[in-house]
Amino acid sequence: MDKYRKGYLIHETSDDHYCLCKILNEYNSEEEAEKDLIDLLTHHKTEKQILKEYSKKEVY
306 MDKYRKGYLI HETSDDHYCL CKILNEYNSE EEAEKDLIDL LTHHKTEKQI LKEYSKKEVY
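The letter at position 47 of the sequence shown is residue 352 when you use this note's numbering, and the numbering goes up by one with no holes.
Heads up, some of the hints might be wrong.
[As the list claims (entries may be wrong)] In silico DMTMM-like pairs for lysine to aspartate or glutamate, Cα to Cα no more than 20 angstroms straight-line:
no., residue 1, residue 2
1, Lys-327, Glu-317
2, Lys-361, Glu-331
3, Lys-353, Glu-331
4, Lys-340, Glu-317
5, Lys-362, Glu-335
6, Lys-361, Glu-337
7, Lys-362, Glu-337
8, Lys-357, Glu-339
9, Lys-311, Glu-331
10, Lys-357, Asp-341
11, Lys-311, Glu-358
12, Lys-327, Glu-352
13, Lys-327, Glu-358
14, Lys-362, Glu-331
15, Lys-308, Asp-321
16, Lys-308, Glu-363
17, Lys-311, Glu-352
18, Lys-327, Glu-363
19, Lys-308, Glu-331
20, Lys-350, Glu-331
21, Lys-353, Asp-341
22, Lys-350, Glu-337
23, Lys-350, Glu-336
24, Lys-353, Glu-363
25, Lys-311, Asp-321
26, Lys-357, Glu-331
27, Lys-327, Asp-344
28, Lys-308, Glu-358
Since the hints were made in silico from the structure, they are not lab data.
Using the sequences and the hints given, assemble the complete structure.
Right, dumping it as structure tokens:
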């Protein structure tokens, strides 16, 4: 069984175009999210590492 929290959302990109997006983590600021995105794209963090951080957060 997958031990990480799972979340998905539907994102409307334009008229009649939608993306299904996987939530890797939730952030308190855009800057925090951008930092993890940059780390992910530059291979300094993996999706698994980000999901692990997300799974440790309190559920609201």
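Each hint, compared with the structure:
| no. | hint | verdict |
| --- | --- | --- |
| 1 | Lys-327 with Glu-317 | 14 angstroms, holds |
| 2 | Lys-361 with Glu-331 | 11 angstroms, holds |
| 3 | Lys-353 with Glu-331 | 14 angstroms, holds |
| 4 | Lys-340 with Glu-317 | 24 angstroms, violated |
| 5 | Lys-362 with Glu-335 | 17 angstroms, holds |
| 6 | Lys-361 with Glu-337 | 16 angstroms, holds |
| 7 | Lys-362 with Glu-337 | 15 angstroms, holds |
| 8 | Lys-357 with Glu-339 | 18 angstroms, holds |
| 9 | Lys-311 with Glu-331 | 12 angstroms, holds |
| 10 | Lys-357 with Asp-341 | 13 angstroms, holds |
| 11 | Lys-311 with Glu-358 | 12 angstroms, holds |
| 12 | Lys-327 with Glu-352 | 10 angstroms, holds |
| 13 | Lys-327 with Glu-358 | 15 angstroms, holds |
| 14 | Lys-362 with Glu-331 | 9 angstroms, holds |
| 15 | Lys-308 with Asp-321 | 35 angstroms, violated |
| 16 | Lys-308 with Glu-363 | 15 angstroms, holds |
| 17 | Lys-311 with Glu-352 | 12 angstroms, holds |
| 18 | Lys-327 with Glu-363 | 19 angstroms, holds |
| 19 | Lys-308 with Glu-331 | 17 angstroms, holds |
| 20 | Lys-350 with Glu-331 | 16 angstroms, holds |
| 21 | Lys-353 with Asp-341 | 12 angstroms, holds |
| 22 | Lys-350 with Glu-337 | 14 angstroms, holds |
| 23 | Lys-350 with Glu-336 | 16 angstroms, holds |
| 24 | Lys-353 with Glu-363 | 18 angstroms, holds |
| 25 | Lys-311 with Asp-321 | 26 angstroms, violated |
| 26 | Lys-357 with Glu-331 | 12 angstroms, holds |
| 27 | Lys-327 with Asp-344 | 17 angstroms, holds |
| 28 | Lys-308 with Glu-358 | 12 angstroms, holds |
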